[in-house]
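This is what each chain is made of:
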Amino acid sequence: MTNEKPLLSMKGIQKDFLGNRVLEDINLDLAQGEILGLVGENGAGKTTLMNILFGMPVIQQTGGYKGTITLDGEEVHFSNPNDALMAGIGMVHQEFFLIPDFSATENIFLNREVTRYSLLVEIFGDRLRTLDKAAMNERVVQVIKELGVNINPDTLVSEMPVSYKQFTEIAREIDRAKIKILVVDEPTAVLTETEAEALLAVLKRLAAKGVGIIFISHRLHEILNICDRIVVLRDGKLIKDISSGQSDVKSIASWMVGHEIGDFAFHHTENHRKTENFLSIDHLKVLMPGEAVKDLCLQVHEGEILGIGGLAGQGKLGIANGIMGLFPAEGSVTLKGKSLKLNSPLDAFRAGMAFISEDRRGIGLLLTQSIGLNIAFPLMQVKGGLLKKIAGLFTWEDKKKIREITSSYIERLDIKCTGPDQSVMELSGGNQQKVCVAKVLALSPQILFASEPTRGIDIGAKHLVLSVLREINEKEGTTIIMTSSELGELRSICDRIAIVNEGKIAGILPAEAPVEDFGLLMLGE
Amino acid sequence: MKKKDRMHKGGVEKFIANFGWPRIIIAIFLLLLFVIAPFIGIDVGTSLSDMLVRVGMNGILVLAMVPMIQSGCGLNFGLPLGIIAGLVGAVTSMEQNWQGLFGFGMAVLFAIPLAVLLGVMYGYFINMAKGDEMMIGTYVGFSVVAFMSMMWLRLPYRNPLLVWGFSGTGLRTTISLTGFWMKVLDNFLAIRIGPRFFFPTGSFIFFALCCVLVWAFFKTKTGIAMSAVGSNPQFARAHGVSEDRMRIVSVVLSTVLGAVGMVVYEQSYGFIQLYMGPLYMAFPAVAAILLGGATINSATISNVVIGTFLFQGILTMTPSVINGMLQTDVAEVIRILVSNGMILYALTRKGKGTVK
Amino acid sequence: MKPKYSLKGALISNLVPIVFLMFAAFAVPMSGLSIPYLLHEMISRLARDSLLVLSLVIPVLAGMGLNFGMVLGAMAGQIGMVLVVDWGLGGMPALLVAALLGTPISIGLGYFCGYILNLAKGREMVTSYIIGFFMNGAYQFLLLYCMGSIIPITNPELLLSRGYGIRNSMDLPNIRQVLDRLVSVEVFGMDIPILTFAVIAVFCLFIVWFKTTKIGQDMRAVGRNRAVANGAGIPVEKTRILAIIISTLIACYGQIVSLQNLGTINTYNSHEQVGIFSIAALLVGGATAENASIANVFVGVFLFHLMFVVSPMAGKNLIGDAQLGEYFRVFVSYGIIAVSLLLHAWKKRHEMLERRLLENEGKE
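Residue numbers (our numbering), protein chains in the order written: chain A, 1 to 525; chain B, 526 to 881; chain C, 882 to 1245.
To be clear, the hints were calculated from the coordinates, so they are not data collected in a lab. Idealized CB from N, CA, C, for every residue including glycine. Check before you lean on any hint, since a few could be wrong.
Derived lysine-lysine pairs resembling DSSO-like cross-links, with alpha carbons at most 30 Å apart [claimed, not checked]:
no., chain 1, residue 1, chain 2, residue 2
1, C, Lys-1092, A, Lys-165
2, B, Lys-746, A, Lys-388
3, A, Lys-11, A, Lys-178
4, C, Lys-1229, C, Lys-1119
5, A, Lys-341, A, Lys-165
6, A, Lys-294, C, Lys-1229
7, A, Lys-401, B, Lys-746
8, A, Lys-341, A, Lys-400
9, B, Lys-744, A, Lys-388
10, A, Lys-416, A, Lys-401
11, B, Lys-655, C, Lys-1228
12, A, Lys-237, A, Lys-5
13, A, Lys-504, A, Lys-336
14, A, Lys-237, A, Lys-250
15, A, Lys-475, A, Lys-383
16, A, Lys-383, B, Lys-744
17, C, Lys-1229, A, Lys-341
18, A, Lys-416, B, Lys-655
19, B, Lys-744, A, Lys-400
20, B, Lys-655, C, Lys-1119
21, B, Lys-655, C, Lys-1002
22, A, Lys-178, A, Lys-204
Label-pair distances were calculated between CB atoms; the ranges are [unchecked claim]:
no., chain 1, residue 1, chain 2, residue 2, range
23, C, Leu-902, A, Gly-456, 55 to 61 Å
24, C, Leu-1041, A, Val-114, 57 to 63 Å
25, C, Asn-895, A, Gly-64, 53 to 59 Å
26, B, Asn-684, C, Tyr-992, 44 to 50 Å
27, C, Glu-1235, B, Thr-694, 49 to 55 Å
28, A, Lys-388, B, Asn-684, 45 to 51 Å
29, A, Val-114, C, Ser-1174, 23 to 29 Å
30, B, Ala-733, A, Gly-477, 48 to 54 Å
31, C, Arg-1048, A, Val-114, 51 to 57 Å
32, C, Trp-1227, A, Gly-148, 40 to 46 Å
33, C, Ala-1108, A, Leu-224, 32 to 38 Å
34, B, Ala-733, C, Asn-1049, 40 to 46 Å
35, A, Glu-159, C, Trp-1227, 20 to 26 Å
Partial list, computed: chain A residues near chain C (C-beta under 10 Å) [to be verified]:
no., residue
36, Asn-82
37, Asn-107
38, Lys-133
Can you build the whole structure from these sequences, using the hints too?
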């Protein structure tokens, strides 16, 4: 299926983002009718690469990119998605870009409707043309036949099963004139097995017609099933470009995950006791959009640092959010034999749990308020601390005590600020994260959930946060459950690491286990 | 604004950015009016006194906006509910022929429980209507005013000074407070300088007291939680604060303040206006607090004070000065343009540092 | 997949008109007014006010909620009428000229209104409400101060005694019911203004046709999901402004039709209640801030005005107090909007939660 001249050729692609190099010297060729599988951990650069190809404005806004992209022999440089579309590149996203109250036809033809001329066009312009519903329906029927599925074009998207929505999106992309390349991003994530099979068949059919397909997925059996070639990205570099016939699951996993440990040494303490039933999580189900947990069972040992890893969107972030009551949860969680009430942050706090959220600015902080208030807030609201009684009637904030505590944390965590009264909004990301850490430290929790605690902060702050976590684990015996997308980070401080795949625990390994084993778990093998 | 820019802004620039152009324009406008006044033969002393009396009269109604803004419920267009509670309290106190400060106090005392009740009901509606609070507040307010209009006709008030003469039942549309507790607060410890200057000390003391109470409330555990709900509801929820509960508490507070504020208003105004009177009374209060620099989800006590002064200043000075200058009565038009213009400005601004 | 149809669902979405119908069934006999009389009144009011209420449909389509800013159109129409009276025009030409004058003013005001509403996305209803009040100030300024001084008014009878500023009210003897009477048919002793209804029908057809154009489709898309519409390249801001301009224009013509039926202009009051009553009528007809059909318009005008006419008499006969009936009527008007908005907000949240649950189920 390969021609001499590649359909798409990306050469020397390089992208910097806020001073970090997120893509380095990526060279990628796609032939006509070829299905290319793109594999990589979150943060490896897949999304960025596709954004560059697709001309997403965010690329332009953050300094553009280096390198060349050639489409059908001609060099192209897209600065907005519409240009990419016009040139024949279509993308099917994970979140459906459909209007639920519109029919399949209306969605497929959104802003590209087939219209009939009417006199008023002369006066008022093109938008006054009348819709030619018959013509559009005809075309939709044809496109749907091409795909080989069975959708009634008048069905409203809101009433379609998820797979049909997927197909509608694909139909839309295909119908755009002269589609040459189709990029699909985790397309089977929302489908049942049979639906996934149908989708893969559709993609194969499209490829047979000459459309080049870039297939992003972490489901290896699918990749090995339909892809002709596989490209593995890791930390912004292209690690391997190999035909699918010459690779296997294990090697792909190790290419995907294997990397330097980083500058942390292994350092585990053995002071955790394997207490029976310390924290038992049974059949946990969490409704967190994008990170849903489906049926998770996990035993946490007292005093350990447990890592939770996995690819993005597989559910690892949903665990802490569900238990701490931020998103609707079902199932049972027992702490030392006592059942914990779910969907109630207050109960979680009162049971001795605390949480550093991955959404620092949205959930973790009151941006307009001072450092002192942020640190004091949970302690005040949950435990009634830092308050003093006025005239025996009102409980007022104890400004003095708050200042004391805040100052001590500013010192201990080296928070760079002008003082406890500075507005949190003005701090850098790293220092904001330190405020979040201080906030939970003030509660002296029994169990601490830390989600992506070092995401997006500078190396110095990273060190400090991790060492503080290690410190409270060793000195105060706090059980820490740390969720992170950086496997290296987890391996450096955790005792055990659980990998979440498709909303369930795929497996738990000791931190020293070989890196490929983790990779396999992430890929669902 | 990028962090760098903000830190490098000069003193004046920073002041302007924080204060907002509309406020500055209106403050300068007001100053101008005061400056021009004597040249047209308008006595500054009397004008100043008028303005001060009006500040004392309206201050607490403006203060009533604060709790609901802080808790993220937006501008309280349903203030008429609190106002009605204040009216009921006043009329009930007058029914018993209670006079002076005692009569005033009893009016407030009667108003509060009703305000709490109405506030709880209103609070439930507000929680149902997340995202559309202001619109629903307006219409719940209107409906209650209309409903009470029916009630005023029927409620068993009998005091001949309150009801219609020939039928003996049904409250009058306008009831005078002469002989009851007209201006009791205004006159309490009032300061008079010369024949024209009058400072309504009592009203100001009461206003200041209420301001202090509200300020203190927001330093308590509940108050801090309430502000958090308005500033970042996800944060509040994640830390164990019940968003719904805080909103209801804020609505009750706003309604109670509205009731108290209405009684104060009446004593200064000298008349009680029933039936359709309270219909649009939320608007001046809303405009005033926005003029004072508040936004849809953040309001401080200083916003209340500055806003009331500026707004009442404009209302007092514009008619006399401009009418004096142009020999016409554009006061009404200016009032409409200024108050609604302020509200529009606030509605089109993004929230202050919120994460929505 | 066929949509679920349930009796419960139908009842809930049409709750408001049903309640009103029940109320009417009770109040009509109570009022003692005769059916023929009521019928005649309703027909007359349908002819008078339907066009005004119709102006609300397009902004709802575009997702901008209930457009209180329609009063801007009413003001434009009124300005047109004032000028026409001043120039001594009469009959149909008067109406046409008034419409002609009102058109550019409506377009300008509509643009202004739409522009501001774009700045206040998510708060359109409150904002349009306040814009109405704000513009009222400007309108008063124009008519109370500018007309007769800066803007020459030739007919001194229109002016206030002080020499400038338009009078509070004026009769329109040459224009009164011009449109209504032009083509009218007598049925059972009632005069039915055929031409007026024809004009209304034309606008209805316009709306129906409009929905079949590309721009109508764009507007629907913007109204349903701004993000997706934007992503598909539809010019969201411009489309929204256009919706408001159309609404303002229709309101302008609607006010002209309404004024010719009444035969008098209350210069400073006629337009004030127009917004509130039109919106109340639309809601009574079963519309919501997200969905409004032409049927809602007519059903709403009919029921709302029925209640309006019947309440005072019913109140008087039931309780012995006509004044109470008056207040009751006001209470119901406002209460209906409040209840309707509340019910709808509750329903919206309920639906959103259900949809989230369903999405997650699908991922099993």
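Task: Enumerated hints in conflict with the structure, sorted upward - done: Violated hints (numbers, rising): 5, 8, 18 and 26; every other hint is consistent with the structure.
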